[in-house]
Amino acid sequence: MYRYDPYDQKIVDERVAQFRDQTRRYLAGELTDDEFRPLRLQNGLYVQRHAPMLRVAVPYGLLSSTQVRKLAHIARTYDKGYAHITTRQNVQFNWPELKIVPEILAELAGVEMHAIQTSGACIRNITSDPFAGVAGDEYLDPRPWCEVLRQWSTFHPEFAFLPRKFKIAVNGAHQDRAVIQCHDIGLELKRDAAGEIGFRVLVGGGMGRTPIIGEEINAFVPWQHIITYNEAILRVYNRHGRRDNLYKARIKILVKALGVAEFKRQVEEEWAFGKDGANTLTEAEVARVAAHFTTPAYETLPGEDAGYASQRAANTAFAAWARRNVLAHKVPGYAIVVLSLKNPATAPGDITAEQLDLVAEWADIYSFGEVRATHEQNLVLADVKQADLFALWEKARAAGLATPTFGLLTDIICCPGGDFCALANAKSIPIANAIQARFDDLDYLYDIGDLELNISGCMNSCGHHHVGHIGILGVDKNGEEWYQVSLGGAQGNHTSIGKVIGRSFAAAEMPDVISKIIDVYRAQRLDGERFIDTVRRTGLDPFKLGVYGEAAIIERKQHA
Amino acid sequence: MPKLIKNGRVIDDAAQFLALDEGQGPEALSLPDGPLFVPLAVWQAHRGALSGRAGLGVWLDSNENVDELEGDLDSIGAIALNFPKFTDGRAYSAAALLRSRYGFKGEIRAIGDVLRDQFFFMQRCGFDAIQPKAGKYSDAQLEEALASLKDFSTPYQAAIDQPEPLFRRAQRAA
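Note that the protein sequences, when read in sequence, are chains A and B. The opening residue of the first sequence carries number 1 in our numbering; numbering runs sequentially from there. The opening residue of the second sequence carries number 1 in our numbering; numbering runs sequentially from there.
No wet-lab data here; the hints were simulated from the structure. Predicted model, so just to flag it, every value in this text is computed and none were measured. Treat the hints with care, as some may be off.
What the hints assert, rightly or not - Derived SDA-like pairs (lysine to any residue); straight-line CA-CA distance at most 20 Å:
1. 150(B) / 330(A)
2. 3(B) / 149(B)
3. 10(A) / 174(B)
4. 330(A) / 141(A)
What the hints assert, rightly or not - Counterexamples of contact, computed for chain A against chain B with all Cβ distances above 12 Å:
5. 25
6. 317
7. 422
Unchecked claim - Partial chain A-side listing against chain B, Cβ under 7 Å, derived:
8. 7
9. 33
10. 38
11. 154
12. 161
13. 244
14. 246
15. 248
16. 273
17. 275
18. 278
19. 279
20. 280
Cβ coordinates follow ideal geometry from the N, Cα and C atoms, glycine included.
Take the sequences, apply the hints, and build the full model.
Structure, rendered in structure tokens:
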């Protein structure tokens, strides 16, 4: 993975000094709340219900074991002993004291980490495929490009006060695992017909209050020009994006208002000035960064480890875990392991300091000292030998990190919600835990099969509810917490936005509602048909009928 | 006298800013003597009379378009860009455009809700004059705030103050 050189280190060290002084001036009354707010947000520091919340950047989800140990240390020393993996592959601490945050940042800088631009109206942490470099369907490794873009976007002076936040994702494989269609800019790294490397550029996607799927603005921007092309998009947005209404300030609204053709015309007019300028990437720079992402020292192994096969045959619990949480690796004899953070006893995405230390240890023993965070709020050990899987599983199981439900109904994406977040309309963690408790029978879960259930506690959609096969949104009705259910959303190559099925529900009703939806699916599905495919085939009517009953449907039609 | 940060130093500045009252058109022209910034609309209405006047600048609000000055830049000594709120970042792009696309060599001054924690970004985008609101900072605070111009010593990306990105400026070891 990328390691800092003295330039990178200096920028992060100078940031610590800058924020230390800003915090000092705020506490001394020299900076008002309004003046300090964007400064702290651009350092990932929110003021939440109970305490400030600090969001630490994990660029494109990649962590070294040293960094994971530092996160454990911070959780233990400055927080309440745990951390939270976010849907932008970042890490959050829920309880740090404001005045101590500069100390935490200094600790992070010591392991080449920071909290730069993890919030605020600026270019945010760039996200990517958690299986980058190890997936069999990869065209090109997105990580060097993510790092190049990270450096370009870090303290970009022109784009620090955009109309609104700005999110970029990069994917370089046949399967989109980075939700690129729901980003302000989505980049698909690929080769053109001539074998040249470049990017298909999508723009104007996003979730939030107005979910929109991004549109292609350029089918292929050669790699040399990716910075200047991004700058052209950002400049058009910075100049012309709406600033009069927070809810209409994202680039997606500008793209919709202009139409993608006119937006593209403006971008390319702007690009004509920047193209071939100083920000044109050089082969030397790309090679320098790419050299950090070399192939690890894989052993030459048989494609199927004999011991692994017999361990699965002998142990059904291990076999279940292997079936769900172990994924194919491009190198024979290796596997990708998903360490689940969806233990029903804890909040989705939460991990304790002790677990973090263990994950770091396993990374060192089994996976070349690296860990990845996923936007689905799990951790990944990307390079585990098949022969080591059983030993790793035993340790992970003992530590509560081997819930064998990756990609199933209870592998819920869930924002922190009303338990922590000041923006939330409703709690989301208890809903996730109640659904996990209802669906605790593994055989039943396996029968239901691949299903993504996502929960957001408010319209900001941190829990990606719009692209959940089942999406749950917390809403406020006269001061009470209610939950709206949508069906048919999906991430990936066939991204779609879910549709709301009808009136919302009280928290206590939610497990029953999900049970009814699953019952409809199981009654309706064709042989081997996944949940999302059934919803797409049948439409919502059978599900509405199953959830609300005949009377509600008739009543609705009469009022329509 | 109002203070101004110019080229990294605090100096006194006598320039006045003409503003149109709400509903007031730019037609009537009664200008005080001395260094003066006029609104874009006044400049456009009186271009002929104002061209070449010593010490004359034009100021633009964040919703006004610097492209409209394209043909006039040889006749204007200074341009001030207003930050109605410090979180309105349009003037960063406006300054960068004036310097890069239009090659403007005169003063570009940041006015309005101008705070020290943004000085670094302003300087990078081509502002060579920075004027916080009168009374926002004491003289001593303003001197102290000069440090913010140097928050970062070696930025990554190309900008107006440093037209080459780090990867072209430095030999970075892999």
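Hints versus structure:
| no. | hint | verdict |
| --- | --- | --- |
| 1 | 150(B) / 330(A) | violated (47 Å) |
| 2 | 3(B) / 149(B) | holds (16 Å) |
| 3 | 10(A) / 174(B) | holds (17 Å) |
| 4 | 330(A) / 141(A) | holds (13 Å) |
| 5 | 25 | violated (9 Å) |
| 6 | 317 | holds (45 Å) |
| 7 | 422 | holds (19 Å) |
| 8 | 7 | holds (6 Å) |
| 9 | 33 | violated (13 Å) |
| 10 | 38 | holds (6 Å) |
| 11 | 154 | holds (6 Å) |
| 12 | 161 | holds (3 Å) |
| 13 | 244 | violated (10 Å) |
| 14 | 246 | violated (11 Å) |
| 15 | 248 | violated (15 Å) |
| 16 | 273 | holds (6 Å) |
| 17 | 275 | violated (13 Å) |
| 18 | 278 | holds (4 Å) |
| 19 | 279 | holds (5 Å) |
| 20 | 280 | violated (9 Å) |
Violated hints, listed in ascending order, are 1, 5, 9, 13, 14, 15, 17 and 20; each of the other numbered hints is respected by the structure.
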